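K.L.:
Generate the whole structure from the sequences, applying the supplied hints.
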Amino acid sequence: MNVTNYLIKYQPILYRIFLNTWKNKKVSHAYLLSGEPGTPLKEVALFLAKTLVCDDPQPLACEKCLSCIRISDGTFSDLMVFDGQEKTIRKENVSEITFDFEKTAFEAKGVMIYILHLVENMTVEAVNSLLKFLEEPGKNVYAFLTTENESKILPTIISRSQVLNLKTINKDELIKESVELGASLEDAELLSRFFNDSTTLLENSQKQDYQDAKKALIKQLEAFLVSKNEAVFILQREVTPLLRTKETARFYLDMLTIVFEDLINVKLNNRLVLSTYDKMLKELASKLTHLDESLVMIMTSRGKIDLNVNISLLLDYVIFQIIKE
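The opening residue of the sequence shown carries number 5 in this note's numbering; numbering runs sequentially from there.
Calculated from the structure, these hints are not laboratory results. Computed from a predicted structure; not experimentally measured. A portion of the hints provided could be inaccurate.
Stated by the list, open to error - Computed cross-link-like contacts, DSSO-like style, restricted to lysine-lysine with a CA-CA straight-line distance of at most 27 Å:
(1) Lys46 x Lys171
(2) Lys143 x Lys29
(3) Lys27 x Lys171
P.N.:
Okay, here's the thing in structure tokens:
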């Protein structure tokens, strides 16, 4: 994704704020990037980090110099990244940062940077360690924190950071732009919930995890229309084998969530998110019962994927709950 173009077009205030502080050499020691789920928080954090070490700023990170490329490749020695989306950020992760950054910078730039993506996914102990580090930041040490839920962040972390808010792109505009870039309308509608940038959406529409999850979703929905027995047969014979990883299972349950939200929209005569599934959704809405209960159950089940549950058994549970009398 071209972060410069994204910031100029969709986040002009954030762009101008950071540009002015950069030009005036008043960069804060800590930034908190806040945005709705789907906004490219990590990508923007990495871009701002690149700006601090870029060999040829134009006026922010050029994305082409050796320093920028090394950050993209994860080989810049004085950058540490911990991703709360992949796994919980723990005290030992923060301790690793504080231990390494108490030393002299390894790179010639003399700047040390750490990124904590989704700080709401930190343990209490990790948060306490982070607070101490934010209170007494080392010289030339910079932090980029991100969150999709600012209300979950301790006021003390917010007060010690400069908050930069990312605005959400209008969904209709996002879908239109994604289709213009080459995504199908079906993919644009399904993925607009999870990605708030057309380039990122297009890239993810081409990934195998998503393609497998979408294929599994369609097979399952078509089976619902045939019979309950068919729904179980297709689940075990064709759907579960497609969902081999946690990532595909997440995608599948996320998209199933959208489907059930749209089934409720059908009942309420509201606008559908998945217009490409219009006919199928109307048929399903007349066939499936207890939609509200099923929606809550699917969302709850999705949250169990990271708890090392058996994915096959979890999927069985979801479908059996949907088709029960």
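K.L.:
With reference to the structure, classify each hint as holding or not holding.
P.N.:
Checked hints:
As the CA atoms of Lys46 and Lys171 are separated by approximately 15 Å, the hinted pair is consistent with the 27 Å bound. For the given pair, Lys143 sits about 14 Å from Lys29 by alpha-carbon distance, which is consistent with the 27 Å threshold. Between Lys27 and Lys171 the CA atoms are separated by roughly 23 Å; this keeps the pair inside 27 Å, and the hint holds.
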